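Enquirer: First to last, the protein sequences are chains A and B. Numbered as in this note's numbering, the first sequence ends at 354 without a single skipped number. Numbered as in this note's numbering, the second sequence ends at 604 without a single skipped number.
Each hint should be verified, as a subset may be incorrect.
[To be verified] Cβ pair distances, simulated, as ranges:
(1) A:Asp303 / B:Lys61: 38 to 48 Å
(2) B:Val64 / A:Ser197: 43 to 53 Å
(3) A:Ser291 / B:Gly344: 48 to 58 Å
(4) B:Gln137 / A:Glu248: 51 to 61 Å
(5) A:Asp303 / B:Gly167: 53 to 63 Å
(6) A:Gly304 / B:Lys61: 34 to 44 Å
(7) A:Asp225 / B:Val448: 36 to 46 Å
(8) B:Thr180 / A:Thr262: 55 to 65 Å
(9) B:Arg333 / A:Asn247: 25 to 35 Å
(10) A:Gln287 / B:Gln183: 32 to 42 Å
(11) A:Asn247 / B:Arg25: 38 to 48 Å
(12) B:Arg503 / A:Gln287: 55 to 65 Å
(13) B:Arg418 / A:Asn247: 52 to 62 Å
Keep in mind that the hints were calculated from the coordinates and are not lab data. Remember, predicted model here, so these are calculated numbers, not experimental data. Glycine residues also receive a C-beta, built at the ideal position from the N, C-alpha and C atoms.
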Amino acid sequence: MTTTSRPHGAPDDASPGSLRERARRAIEEQPSPTVTVLSSLLAAQDELGYLPYEAVDEVSLRTGSSVNEVWAVASFYPNFRFTPPARHSVEICWGPTCHVLGAQPILQGLVSHLGLDGEGDTEDGSISFKYNTCLGVCPHAPAMSFDHELAGRMSLDEAVSRVERIRAADVEQSA
Amino acid sequence: MTEAYEALAKRAAARWDALHARPWVRVGTGLMGEAVGALEVLAALREAVGKAGVEATISEVGTTGLCYAEPIVDVHVPDGPRVRYGNVRPEQVETIVQRHVVGGEPVTDLALASVDSNVAGVPRFEQLPMMQGQVRVALRNAGEIDPTDIDQYVARGGFSGLDKALTSLTTEQTLDEIKNSGLRGRGGAAFPTGVKWGFLAGNPAPRKYILCNCEEGDPGAFNDKTILESDPFTLIEGCIIAGYATGASNGIVFIRHGHDSPIDRTRAAIQACYDNGVLGDSVLGTEFSFDMEVSLVGESYVAGEETALMEAIEGKRSMPRFRPPFPAAYGVWGRPSNINNIKTLSYAPEIVRRGAEWFSGIGTEKSTGTAIACLSGDIRYPGLVEVPFGLTVRDVIEGMGGGEPNGRALKFLQTGGPLGGVLPAEQFDMVLDFDEMVAAGAMFGSGGLIVCNEDRSVVDLTRTLVAFDQMESCGKCFPCRLGMSHILEILERIAAGKGRSGDMELMERVGVNMRGGSLCGHGQLGYNPVASAVRFFGSEFEAQFDDGAPSLGTFVGPKSTRRGAQMSGDTPTASVKPDFVMHIEPAAPAGGAE
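Okay, chain A solo, but in the shape it has when bound (with noise of 0.2 Å):
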């Protein structure tokens, strides 16, 4: 049985400010001028955070590729993700370098402190927890990066007391 879940029926939301028409300008203002799928998508992703029916559809539009042909590309990189992220970003490198410093620990221990069973998004919906292979500034490591800003020399007290002030930023925020 083949089924296909692909939104049909009601014309979606065109209007500015839309996930359509944010992912719509994000592709056609991407500074290469070269424009390919790979490319329209990570520019989509940026604007979006991720890639709803809506970017991965107007990257089909824009590049004359099938939805499926996308979604292709889309699932191979490990960067795309497909829901809303949670409002704040953590990664933490677990490479041979941030591993030989005791990236481990850190790793564990944060897993453990935000109630995760691995990389995911915190159920309060505060932190995005993902693991990167390298952040690209071995010297400095363990290497974790807080709301894409990098940050080295890590040791997991230092790390939790990051977390907790972007969760208390975020608590004001949003009170």
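Using the hints, position chain B against chain A.
Expert: This is chain B only, laid out in the frame that chain A set:
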């Protein structure tokens, strides 16, 4: 000399003088600085300079390579000494501004080193342990210039190599310079660059590509990104020279998405080149035209492989292609292409400017020029060093790197990236040389040297490397896709002290099949880290088979390969699939109910 270059050089010289006529403060931002608080230092600096009301230039530069001393603030004052301050904290900035920028007197107790000047009680920059013995060619401008300011690059001799090639060398002569210099590829394979360029030059197609590879997924290697964020112009000039020598019309710089500082700075530098007639129609006013752009790729280690890279530039999954046809015949979008590592291309400007003989005079007979080594791990001075080939590993690790920082003995190096191997401390007298290292079973690779002391377990590190390789297998060839998972599974068992008899032989057998049955180096070399670790530290593996062998601790990595089916029969979990994708459900077994 072209008129265009003459005008550019004249303007640049005037700018350079103007920069030095008032205080000039350079802060190493970029990835290396950002990770240890350079942005906070920069903000404090802007505030302090504004408050002091002094007319000073503040520039963001790349890294000097002395990452242990980041954040580094470099203060020049007219008619005074130039000093670099290391490990600067925001609260120290005010003192530096008040006493050095305003008062003209260096703060000696915060100083790391003096540059081009002598200050009592402060070492000169080139006398620092990490700088002694370095020969800087590709990194000549790192930490010295604003990576987005074309005038600063030109003022330090930039684009004179290109100008020389365009005005006084034919394309063949330019190619010969590269051939005669003995330059070999710095991405890992060490193939002679001139010969490679010759393949492309020999193809008469009208549109050809030079691809500059900064995928740099090797954990432990960060030299390509550092070149781009410290001095992207040198890569651009090298790429244009490659285009001229081979008759190519387009250059593409290929960088992993997410490393914002190298991406933004390279884009800004390319734009500056277009604005100043260095790129685009008629380069420097000559009949040669060349275009360049940046292409981004998602997270994929295999994208660094040359044919997978072309797939990614075309916007597809980064999976390797069959070869032949080779890239010089059929490359990106089916057009002839040449792929070089960032480091390789960054040598070209100086080779053309100073001549092939100058370059081949550095290093050893078969490995000419310099090696750019990335030091990390258990080492006193982590960072980046550019050294002539011919030095020993010990010179680099114990001399420049300062050895182990905590009084422990050094045990081994991990080199050559996640598909490389280990080099035990007994072999640190090995000479840096492509061929000698390969003959001895080591690999220089792209230059990442991860230093490990006696407390580190080889079995544990090997497990991490294999976990990386397993996750990064693109999934195209099943011996690699399944084999890496299988080897990881066995290693997990061994690390837990639950190895079964025959496990070592089984891993080897899987490795042999991967070598024979995989299209690209990822699968072919996938068993390398295990083979190398077993060769030098076999007893550590054996000890894991003893009764009551300890577990080396759990290793938590990514849950799935995300690249298709795994060994255990898992399929990617439904939750990662968005609901708009077509799901094909297996047909119900004939005969109905179970």
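Enquirer: Determine for every hint whether it applies to the structure shown.
Expert: Hints, verified against the model:
{"no.": "1", "hint": "A:Asp303 / B:Lys61: 38 to 48 Å", "result": "holds (41 Å)"}
{"no.": "2", "hint": "B:Val64 / A:Ser197: 43 to 53 Å", "result": "holds (49 Å)"}
{"no.": "3", "hint": "A:Ser291 / B:Gly344: 48 to 58 Å", "result": "holds (51 Å)"}
{"no.": "4", "hint": "B:Gln137 / A:Glu248: 51 to 61 Å", "result": "holds (59 Å)"}
{"no.": "5", "hint": "A:Asp303 / B:Gly167: 53 to 63 Å", "result": "holds (56 Å)"}
{"no.": "6", "hint": "A:Gly304 / B:Lys61: 34 to 44 Å", "result": "holds (41 Å)"}
{"no.": "7", "hint": "A:Asp225 / B:Val448: 36 to 46 Å", "result": "holds (41 Å)"}
{"no.": "8", "hint": "B:Thr180 / A:Thr262: 55 to 65 Å", "result": "holds (58 Å)"}
{"no.": "9", "hint": "B:Arg333 / A:Asn247: 25 to 35 Å", "result": "holds (28 Å)"}
{"no.": "10", "hint": "A:Gln287 / B:Gln183: 32 to 42 Å", "result": "violated (59 Å)"}
{"no.": "11", "hint": "A:Asn247 / B:Arg25: 38 to 48 Å", "result": "violated (53 Å)"}
{"no.": "12", "hint": "B:Arg503 / A:Gln287: 55 to 65 Å", "result": "violated (20 Å)"}
{"no.": "13", "hint": "B:Arg418 / A:Asn247: 52 to 62 Å", "result": "holds (54 Å)"}
Consistency note: the structure conflicts with the earlier hints numbered 10, 11, 12.
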